[in-house]
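Chemist: Chain by chain, the residues:
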Amino acid sequence: MAQVIVVTSGKGGVGKTTSSAAFATGLAQAGKKTVVIDFDVGLRNLDLIMGVERRVVFDIVNVISGEAKLSQALIRDKRVDTLSILPASQTRDKDALTKEGVATVIEELSKDFDYILCDSPAGIEKGALLALYFADQAIVVTNPEVSSVRDSDRILGVLQSRSKRAEEKKDPVKEHLLVTRYDPARVEKGEMLKLEDIQEILRIPLLGVVPESESVLKASNTGNPVIMDAESSAGQAYKDAVARFLGEERPMRFTDAEKKGFLSRLFGGRAA
Amino acid sequence: MSSPASEARLEPFRLRGGNFNLLVLRLLDPRVEVIVPALADQFRRAPGFLRNAPIVLGLDDLDPSAAPDFGHLIAQLRSVHIAPIGTTGGATDVRAAAQAAGLPPLRAAGAELPVAAPAAPAPVPEPVQEMPPPPSDWQPTMVVDQAVRAGQRIWAQGCDLIVRGTVNPGAEVIADGNVHIYGALKGRAIAGGAENLSARIFALNFEPELVSIAGYYAVRDGLGDAPLGRIVQVCLIGESMRFDRLG
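Order-wise, the sequence lines are chains V and D. The first sequence stops at residue 272 when you use the UniProt record's numbering, and every number in between is there. The second sequence stops at residue 247 when you use the UniProt record's numbering, and every number in between is there.
Everything labelled a hint here was simulated from the structure, so no lab data went into it. Since we're looking at a predicted model, the values are computed, not measured. Do not rely on the hints blindly, as some may be mistaken.
As the list claims (entries may be wrong) - If you anchor each label on the Cβ, the simulated ranges turn out as follows:
#1 V:214 <-> D:159: 50 to 60 angstroms
#2 V:169 <-> D:154: 16 to 26 angstroms
#3 D:210 <-> V:199: 21 to 31 angstroms
#4 D:159 <-> V:169: 20 to 30 angstroms
#5 V:196 <-> D:210: 23 to 33 angstroms
#6 V:196 <-> D:154: 18 to 28 angstroms
#7 V:247 <-> D:139: 43 to 53 angstroms
#8 D:215 <-> V:172: 29 to 39 angstroms
#9 D:155 <-> V:169: 29 to 39 angstroms
#10 D:141 <-> V:167: 21 to 31 angstroms
#11 D:14 <-> V:172: 47 to 57 angstroms
#12 V:68 <-> D:221: 47 to 57 angstroms
#13 V:196 <-> D:204: 15 to 25 angstroms
To be verified - Here are some chain D residues pointing at chain V (derived, C-beta under 7 angstroms):
#14 96
#15 149
#16 151
#17 152
#18 168
#19 170
Claimed, not checked - A few chain D residues that don't get close to chain V, going by computed Cβ distances all over 12 angstroms:
#20 25
#21 26
#22 29
#23 33
#24 77
#25 99
#26 104
#27 108
#28 143
#29 150
#30 155
#31 158
#32 194
#33 240
#34 242
Positions of the beta carbon are idealized from the N, C-alpha and C atoms, including for glycine.
Make a model of the complete structure from these sequences and hints.
Modeler: Here's what the structure looks like:
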């Protein structure tokens, strides 16, 4: 039986889609058969981040409304052959998604895949609720910033009350905290929330800390998930997080400010 | 508010303890016809003395078998503008006679409570075998065993509320009774429903966005010098909120 994982945050712009792409790629690189679904119907982005936007023919709305078969809509990744993408529709809105339709799609995907990642849209409306409804596990993406933490807290409450597992009174959705855009130097200056402050409010296990890195923007714009960039700190942090998700013990990195050397202070260099 | 008369008060009275200094008129003779003329004689020498003063009758020096006629005594004392309001000390029978005439036994501060007549020892209550059933309007306290997260709202209807975790920013806990939070209060806590002025809020770490009791409220910016970050009890004194540090 496949594990359904929702990548969610409540707030927009914190790195859900970047994290979904990186995580799905990481799981697939680890040999797990993985599919990532874009639930952001009307504002589809995942296909861009994954670099498959030119190969989209059908999307999840076509599948739900019976206009296409699931196998026609799935896009096989060219870099990692255990990875597939189910894109969102650009032209429809979230009302085109139905609980029954999504249930059918997930049930069908469960037969062929180990992990089904659901990239949630921002907010707590229909699209986000459907993305998390079938989840077995949740990766809550949070920035070190008060409004992001507040929204993550909100979405955790929704997971605990409105997911299928909550409604059927099964074991609760397993929650993981992924802190992104973390800048230890700014944390030290008091401009960003400390990791401990975030954990004090959210109180869920920490899966990883992804540092603020210029390589993320570059990766998005070139359509290569940042986890493929083994040089970058963000890529390494996602690799660590995937390994932890799969049960490996890895020490947390990128949580302390680097002592800047003389040269980098002189030239104002930043971590790649 | 158009006129003071239209201002509806929430309660018609309040019961409070108070300490008063009262004169005690120690009766040395049970005969009314002896006591009252002697008092009148005293007043002639000191006009205004004891006029309209409430006094307590001291019964310690009276013979237990010869209680005065208290009804007659009261009437005669009032005729000379002395207002007896109760008795102190004295034998059981004498006190009982005074009580029958409308003068209750008073307890001097620090003295032992006079035993009500008849002075039989209070019966030892039978050990209770079973707890009596709770009254029909009794509601069990609502207990929440986890953190209350942003956007969640918990309402303990008609009862107290206990939260064992944190009330996070953006969360709201409401009780018609008291609110107890065995964690940090970082969201909103509302106690006492619409009218329970005696409801209180307790929190182990007091960092609220808003606290409210019976409709009176304070937001974070209005907390003034409340002991933030401490163990705090919030209660209502008149129309203002009081924040007591408990530890």
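Chemist: Evaluate each hint against the coordinates.
Modeler: Hint-by-hint comparison with the structure:
1. Judged by the Cβ atoms, the range 50 to 60 angstroms given for residue 214 of chain V and residue 159 of chain D holds: they are separated by roughly 55 angstroms.
2. A C-beta distance of roughly 19 angstroms is found between residue 169 of chain V and residue 154 of chain D, which places it inside the suggested range of 16 to 26 angstroms.
3. Checking the proposed 21 to 31 angstroms range against residue 210 of chain D and residue 199 of chain V shows it holds: the Cβ atoms sit about 25 angstroms from each other.
4. Between residue 159 of chain D and residue 169 of chain V, the C-beta spacing of about 24 angstroms keeps the proposed range 20 to 30 angstroms intact.
5. Separated by about 25 angstroms at the C-beta atoms, residue 196 of chain V and residue 210 of chain D satisfy the suggested range of 23 to 33 angstroms.
6. Taking 18 to 28 angstroms as the suggested C-beta distance range, the pair residue 196 of chain V and residue 154 of chain D conforms, at roughly 26 angstroms.
7. Judged by the Cβ atoms, the range 43 to 53 angstroms given for residue 247 of chain V and residue 139 of chain D holds: they are separated by roughly 46 angstroms.
8. Against the hinted window of 29 to 39 angstroms, the Cβ-Cβ separation of residue 215 of chain D and residue 172 of chain V comes to about 36 angstroms, which satisfies the hint.
9. Distance hint check: the CB atoms of residue 155 of chain D and residue 169 of chain V are about 21 angstroms apart, inconsistent with the given range 29 to 39 angstroms.
10. Separated by about 27 angstroms at the C-beta atoms, residue 141 of chain D and residue 167 of chain V satisfy the suggested range of 21 to 31 angstroms.
11. A beta carbon spacing of about 49 angstroms between residue 14 of chain D and residue 172 of chain V agrees with the range 47 to 57 angstroms that was offered as a hint.
12. A beta carbon spacing of about 56 angstroms between residue 68 of chain V and residue 221 of chain D agrees with the range 47 to 57 angstroms that was offered as a hint.
13. Here the CB-CB span from residue 196 of chain V to residue 204 of chain D is close to 18 angstroms, well matched to the stated 15 to 25 angstroms.
14. Restraint check, residue 96 of chain D versus chain V: the minimum CB separation of about 67 angstroms is more than 7 angstroms; hint violated.
15. With a cut of 7 angstroms, the hint placing residue 149 of chain D at the interface with chain V holds, because the nearest CB-to-CB distance is about 4 angstroms.
16. A distance limit of 7 angstroms between C-beta atoms decides the matter here; for residue 151 of chain D the minimum to chain V is near 4 angstroms, and the interface restraint holds.
17. At a threshold of 7 angstroms, the smallest CB-CB gap from residue 152 of chain D to chain V is about 5 angstroms, leaving the interface hint in force.
18. A hinted interface residue such as residue 168 of chain D counts as satisfied when its beta carbon comes closer than 7 angstroms to some beta carbon of chain V; here the least separation is about 5 angstroms, so the hint holds.
19. Interface restraint check: residue 170 of chain D against chain V, minimum CB-CB distance 5 angstroms, threshold 7 angstroms, status holds.
20. The beta carbon of residue 25 of chain D sits about 69 angstroms from the closest Cβ of chain V, which is more than 12 angstroms, so the claim that it is off the interface holds.
21. Every CB of chain V lies more than 12 angstroms from the CB of residue 26 of chain D, the least distance being 70 angstroms, so the non-interface label holds.
22. In this structure residue 29 of chain D is separated from chain V by more than 12 angstroms, as the shortest Cβ-Cβ distance comes to about 79 angstroms.
23. The Cβ of residue 33 of chain D sits about 84 angstroms from the closest Cβ of chain V, beyond the 12 angstroms cut-off, so the non-interface label holds.
24. Residue-level check passed: residue 77 of chain D sits 72 angstroms from the nearest beta carbon of chain V, beyond 12 angstroms.
25. With a least beta-carbon separation of about 64 angstroms from chain V, residue 99 of chain D lies farther than 12 angstroms from that chain, consistent with its non-interface assignment.
26. With a least beta-carbon separation of about 60 angstroms from chain V, residue 104 of chain D lies farther than 12 angstroms from that chain, consistent with its non-interface assignment.
27. Every Cβ of chain V is farther than 12 angstroms from the Cβ of residue 108 of chain D; the closest lies at roughly 58 angstroms, confirming the non-interface assignment.
28. Distance to chain V confirms residue 143 of chain D as a non-interface residue, since its nearest Cβ pair spans about 17 angstroms, more than 12 angstroms.
29. For residue 150 of chain D, the condition that its CB be more than 12 angstroms from all CB atoms of chain V is violated, with the nearest at approximately 4 angstroms.
30. Against chain V, the non-interface label of residue 155 of chain D holds: every CB pair exceeds 12 angstroms, the least being about 15 angstroms.
31. Listed as a non-interface residue, residue 158 of chain D keeps its Cβ farther than 12 angstroms from every Cβ of chain V; the least gap is roughly 23 angstroms.
32. Against the 12 angstroms criterion, residue 194 of chain D stays outside the reach of chain V, whose nearest CB is about 26 angstroms from its own CB.
33. No Cβ of chain V comes within 12 angstroms of the Cβ of residue 240 of chain D; the nearest lies about 30 angstroms off, and the non-interface call holds.
34. Here residue 242 of chain D stays apart from chain V, with its beta-carbon at least about 28 angstroms from theirs, past the 12 angstroms limit.
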